[in-house]
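**Student:** With the hints as your guide, set chain C onto chain L.
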Amino acid sequence: KAGVTQTPRYLIKTRGQQVTLSCSPISGHRSVSWYQQTPGQGLQFLFEYFSETQRNKGNFPGRFSGRQFSNSRSEMNVSTLELGDSALYLCASSSVAGGSVDTQYFGPGTRLTVL
Amino acid sequence: GDSVTQMEGPVTLSEEAFLTINCTYTATGYPSLFWYVQYPGEGLQLLLKATKADDKGSNKGFEATYRKETTSFHLEKGSVQVSDSAVYFCALKTYQAGTALIFGKGTTLSVSS
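Keeping their order, the protein sequence lines are chains L and C. Its first residue numbered 1, the first sequence is counted upward by one per residue in my numbering. Its first residue numbered 1001, the second sequence is counted upward by one per residue in my numbering.
Simulated from the structure, these hints should not be mistaken for lab results. For every residue, glycine included, the Cβ atom is placed at its ideal position computed from N, Cα and C. Take the hints with a grain of salt, since some may be wrong.
[Claimed, not checked] Keeping only pairs whose Cα atoms sit at most 27 Å apart, straight-line, the calculated DSS-like set for lysine-lysine is: (1) C:Lys1060 x L:Lys57; (2) C:Lys1049 x C:Lys1068; (3) L:Lys57 x C:Lys1052; (4) C:Lys1060 x C:Lys1077; (5) C:Lys1077 x C:Lys1049; (6) C:Lys1060 x C:Lys1049; (7) C:Lys1060 x C:Lys1105; (8) C:Lys1077 x C:Lys1052; (9) L:Lys57 x C:Lys1049.
[To be verified] Pairwise CB distance ranges, derived in the manner of DEER restraints: (10) C:Gly1078 x L:Thr80: 46 to 56 Å; (11) L:Thr20 x C:Gly1041: 19 to 29 Å; (12) C:Pro1040 x L:Thr20: 19 to 29 Å.
In isolation and in its complexed conformation, chain L is listed as follows:
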């Protein structure tokens, strides 16, 4: 079974631009979560989607948004980019939403650099 895929793998943008990242979950998985990884803050939860609905949201400004399509693929968007948005953005999928026992499987990430 194919793993979680993320596109693009690398992205360079300038301040003020917006960016869209894509994630395709493992086949049959309906929950997609997004995380931001930076050297200073570590791994932080952005939001989670299940059946096209946002079910959970981390503590990030409204410039960060996402959506999920009927085939479970997900996109996240960052508007008005800031230098501090430079990070590795990781997508994870799991077969169910909520609960503590389900396992999240991560993609390789998208490395975003904001100049």
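**Tutor:** Same frame as chain L, now just chain C:
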């Protein structure tokens, strides 16, 4: 709030040495506990997990036991290899938090031959 504390790195070992990476947690309710590994330039891979007290997770020679009394989930391996060099993250998830994983800061392991 819920949190995970990992030992500071980097941890530098010779091949075949014994590895311990400490992890303690603070959580409401009964969390599930995870160890993830990140190799250079890659995403996170699940290494092992435990979902209730006294459970032992194991994979690829790594082990960790869920200790509720000490709120710990220390990672151990009896004999490390150069290929184990990576960053290791301890994480927890609670029912109250939904699917959000809460991660420790990560511990860098460097193994030399």
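**Student:** Are lysine 1077 of chain C and lysine 1049 of chain C close enough, with their CA atoms no more than 27 Å apart?
**Tutor:** holds, 15 Å
**Student:** Can the suggested window of 46 to 56 Å be confirmed for the beta-carbon pair glycine 1078 of chain C and threonine 80 of chain L?
**Tutor:** Check passed, 51 Å falls within 46 to 56 Å.
**Student:** Within 27 Å, alpha carbon to alpha carbon, are lysine 1060 of chain C and lysine 1105 of chain C?
**Tutor:** With a Cα-Cα distance of about 23 Å, the restraint between lysine 1060 of chain C and lysine 1105 of chain C holds, given a limit of 27 Å.
**Student:** Please test the hint of 19 to 29 Å on the beta carbon pair from proline 1040 of chain C and threonine 20 of chain L.
**Tutor:** holds, 26 Å
**Student:** For the pair supplied as a hint, lysine 1060 of chain C and lysine 57 of chain L, is the alpha-carbon distance within the 27 Å limit?
**Tutor:** Cα-Cα ~34 Å, so violated.
**Student:** Straight-line Cα separation of lysine 57 of chain L and lysine 1049 of chain C no greater than 27 Å?
**Tutor:** holds, 24 Å
**Student:** May I ask you to test the hint 19 to 29 Å on the CB atoms belonging to threonine 20 of chain L and glycine 1041 of chain C?
**Tutor:** Cβ of threonine 20 of chain L to Cβ of glycine 1041 of chain C: about 23 Å, so the range 19 to 29 Å holds.
**Student:** Starting from lysine 57 of chain L, check that the Cα of lysine 1052 of chain C is at most 27 Å away, please.
**Tutor:** Holds: lysine 57 of chain L and lysine 1052 of chain C sit about 26 Å apart, inside 27 Å.
**Student:** Hint check: lysine 1077 of chain C vs lysine 1052 of chain C, CA-CA at most 27 Å. Holds or violated?
**Tutor:** holds, 21 Å
**Student:** Within a Cα-Cα threshold of 27 Å, do lysine 1060 of chain C and lysine 1077 of chain C meet the stated pairing?
**Tutor:** holds, 9 Å
**Student:** Tell me if the straight-line CA distance from lysine 1049 of chain C to lysine 1068 of chain C falls inside 27 Å.
**Tutor:** holds, 14 Å
**Student:** Does lysine 1049 of chain C lie within 27 Å of lysine 1060 of chain C when you go C-alpha to C-alpha?
**Tutor:** holds, 13 Å
Violated hint: 1 only; the structure is consistent with all others.
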